[in-house]
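S.K.: Sequence:
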Amino acid sequence: MKLLIRLLSIALFIVFFDFALKNTDEVVLSLFWNSKAGAPLILLLLGFLLLGLMIGVLAMMSTLLRYRRELLALRREAEQQKQSAADLAKARSQPPPPESLIEQVGL
1 MKLLIRLLSI ALFIVFFDFA LKNTDEVVLS LFWNSKAGAP LILLLLGFLL
51 LGLMIGVLAM MSTLLRYRRE LLALRREAEQ QKQSAADLAK ARSQPPPPES
101 LIEQVGL
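Note that my numbering numbers the sequence shown so that position 4 is 4, with each residue one more than the last.
No wet-lab data here; the hints were simulated from the structure.
Each residue gets a CB set at the ideal place from its N, CA and C atoms; glycine is no exception.
Do not rely on the hints blindly, as some may be mistaken.
To be verified - Pairwise CB distance ranges, derived in the manner of DEER restraints:
no., residue 1, residue 2, range
1, 57, 7, 24 to 34 Å
2, 7, 87, 28 to 38 Å
3, 31, 5, 38 to 48 Å
4, 21, 78, 52 to 62 Å
5, 60, 31, 26 to 36 Å
Use the sequences and the hints to build the structure in full.
M.R.: This is the structure we're talking about:
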């Protein structure tokens, strides 16, 4: 499986590298207030790809942090339940003290 992923990665790299080599033409990007920026097409494509990735990661962070907080709370709750189950098992394994038996009988 690792070999297949590695071969696929190499093939994708070759395709994207060839794409980059064929798109080196200078393009002009018209910005706001009549300003213009010129750069090779591949640099602009790469820049916008990275910008999109950063925006996507930032948009995902709130959900990720919420899930981490929820996971931490659930782990704490599970640990408390394990502790209470262990305490209950310990209490059930020991015989009741004689005083409680006398109180139950009514003597």
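S.K.: All hints are to be evaluated individually against the structure, with a verdict given for each.
M.R.: Structure-based check of each hint:
Distance hint check: the CB atoms of residue 57 and residue 7 are about 28 Å apart, consistent with the given range 24 to 34 Å. The supplied range of 28 to 38 Å is broken by residue 7 and residue 87, whose beta-carbon atoms lie about 56 Å from each other. Checked against the given bound of 38 to 48 Å, the beta carbons of residue 31 and residue 5, roughly 40 Å apart, stay inside it. Checked against the hint of 52 to 62 Å, the C-beta distance between residue 21 and residue 78 comes to roughly 55 Å, which is consistent with it.
A hinted range of 26 to 36 Å holds for the C-beta pair residue 60 and residue 31, which are about 28 Å apart.
Checked against the numbered hints listed earlier, the structure breaks hint 2 alone; every other hint is satisfied.
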